[in-house]
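Colleague: Listed here are the chains, written in short residue letters.
There are 2 protein chains.
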Amino acid sequence: MKTDILREVQIIKIGGNVIDDEQELKSFLSKLSRSKVQFILVHGGGKLATQFASKLGIPQELIQGRRVTNAETLRIATMVYAGLINKQIVALLQAFGKDAIGLSGADLNCIRAVKRSGREIDYGFVGDLDSTSVFTEKFDILLQAGMTPVVCAITHDGKGQLLNTNADTIASSLAVAMSRHFRVQLNFCFEKKGVMKDVNDSASVIRSLNLSEYQSLKHEPFIQGGMLPKLENAFDAIGKGVESVFIGHSSEIEQMMSNMNYHGTVITA
Amino acid sequence: MKTDILREVQIIKIGGNVIDDEQELKSFLSKLSRSKVQFILVHGGGKLATQFASKLGIPQELIQGRRVTNAETLRIATMVYAGLINKQIVALLQAFGKDAIGLSGADLNCIRAVKRSGREIDYGFVGDLDSTSVFTEKFDILLQAGMTPVVCAITHDGKGQLLNTNADTIASSLAVAMSRHFRVQLNFCFEKKGVMKDVNDSASVIRSLNLSEYQSLKHEPFIQGGMLPKLENAFDAIGKGVESVFIGHSSEIEQMMSNMNYHGTVITA
Chain A
12 MKTDILREVQ IIKIGGNVID DEQELKSFLS KLSRSKVQFI LVHGGGKLAT
62 QFASKLGIPQ ELIQGRRVTN AETLRIATMV YAGLINKQIV ALLQAFGKDA
112 IGLSGADLNC IRAVKRSGRE IDYGFVGDLD STSVFTEKFD ILLQAGMTPV
162 VCAITHDGKG QLLNTNADTI ASSLAVAMSR HFRVQLNFCF EKKGVMKDVN
212 DSASVIRSLN LSEYQSLKHE PFIQGGMLPK LENAFDAIGK GVESVFIGHS
262 SEIEQMMSNM NYHGTVITA
Chain B
12 MKTDILREVQ IIKIGGNVID DEQELKSFLS KLSRSKVQFI LVHGGGKLAT
62 QFASKLGIPQ ELIQGRRVTN AETLRIATMV YAGLINKQIV ALLQAFGKDA
112 IGLSGADLNC IRAVKRSGRE IDYGFVGDLD STSVFTEKFD ILLQAGMTPV
162 VCAITHDGKG QLLNTNADTI ASSLAVAMSR HFRVQLNFCF EKKGVMKDVN
212 DSASVIRSLN LSEYQSLKHE PFIQGGMLPK LENAFDAIGK GVESVFIGHS
262 SEIEQMMSNM NYHGTVITA
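Residue numbers (this note's numbering), protein chains in the order written: chain A, 12 to 280; chain B, 12 to 280.
By construction, these hints were calculated from the structure, which means they are not laboratory data. Mixed in with the good hints there might be a few duds.
Sample of chain B residues facing chain A (criterion: CB under 7 Å; computed from the structure) [unchecked claim]:
(1) Q105
(2) A106
(3) G108
(4) I152
Here are some chain A residues the structure puts well away from chain B; computed CB gaps all over 10 Å [unchecked claim]:
(5) Q34
(6) R77
(7) G113
(8) Y134
(9) L154
(10) Q172
(11) D212
(12) K251
(13) M271
Keep in mind it's a predicted model, so treat the numbers as computed, not measured. Idealized CB from N, CA, C, for every residue including glycine.
Construct the entire structure; sequences and hints are all you get.
Modeller: Pasting the structure below:
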């Protein structure tokens, strides 16, 4: 079992709304860089990829409301996630004194995915992760050298094909894999204060949630929206070795990482 | 002085024409990945960045025939060089068994540049390198871990600003900096067989060139074209500690690296 002698690493997922706002992103990275605890940052793409695709006249295919990653869309995603956003984040973290290194899953073969098979719907170049996808040794080498990995939502299949993978899924798979060797806290940072019973009432944040509480609440309308996959992901991570999952506002990143004066949601077993 | 106990590293610059051709690029990377010698690959951007800028309707500013990197052009360059091309190369090298890791100069702060001052002409977000720009220790850590760095032509100023830097200059600065601790061979791979007296006559390749030979030839028309900056770069590197510089066709990469059955140009002191 894990003991105090295990090193600690925190996995932080930063969502699209923060990435889209230059000042918010700077403020977030500035706070994050004060962390004394080692961390791996995982970022999504925000609206930039969609904006570029639209400017370039690349049609966005939707099947049953879900986006299809065709070859052109994958190129845009690779440019925006692994290029523009990743390098801007890395350059800012370096300016704030963190020795950041940007990674896609292809770099160091650190996250290998399997192209989703088109049983009923062909989602295109989308990569799914399994329990063997994350090569924790690679992250360990970088962390031991004092480096701060910054991971974008592009993976590969090991055969030369890049793939688009959901950033929340990368964050929780990474957290689960790292928990085999580290004490791991997983933090989902976004533009809300946490899991809220009423999105218009900031006092309605559920401050802590364990599995049995969640099971009694999970059919409530406030969870059935976009929060459901995040919470399923969170409890999955908890069930597989992650110590705790924090869901909260990006401006509270320091309070989240230290769990001091934090006002968002904490998920535990 | 350097002795045999120093480790060897080769710096390889691959030019735009190879990058633009998917089959050529695959073939090149497949050969390169057979190398037993450790190497760092530096790549330019080919025509893709210009194509995207034109599709997006971003005007390309030219002052006295030289391109200006305005903010929009820098975004495109970052997306294409650090995103699309870098990750495609990394994914292919991984498929061929090399543990590649893509880097911009911002990653690990490995190459820090200085924004070119606009004395007479403001070239925009262009970064120049000096003798302190390359942090060799970072490359050393990666090489010691058996990793293969793949460097794109984007650098940073250390204060959060990304910059566009010429890939030939990155390759030679990297070679010079690494030569303080390694035996270094620098290889410029492109679509020609080497330095040629007559570009239409493949038998006209100058097989070897030292500084005094170069000085007697440098005003010849066949050198005064695009070859001049490459050769100035090459002799500069030789003068600063690089053992040899090879200029040749990308299809000869294996012969170039081993200097066996090689038909291109070798530059020595």
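Colleague: All hints, please: hold or fail.
Modeller: Hints and how they fare:
1. Q105: holds (5 Å)
2. A106: Because about 4 Å separates B/A106 from the closest Cβ in chain A, which is inside the 7 Å limit, the hint holds.
3. G108: violated (10 Å)
4. I152: With a minimum Cβ separation of about 5 Å from chain A (threshold 7 Å), the hint on B/I152 holds.
5. Q34: Holds, since 13 Å exceeds 10 Å.
6. R77: A/R77 is indeed farther than 10 Å from all Cβ atoms of chain B, at 24 Å.
7. G113: violated (5 Å)
8. Y134: holds (19 Å)
9. L154: holds (12 Å)
10. Q172: violated (7 Å)
11. D212: Answer for A/D212: holds, closest chain B Cβ roughly 37 Å.
12. K251: Consistent with the label, A/K251 stays out of reach of chain B, its closest Cβ about 27 Å off (over 10 Å).
13. M271: Per Cβ check, A/M271 is outside 10 Å of chain B; nearest 28 Å; holds.
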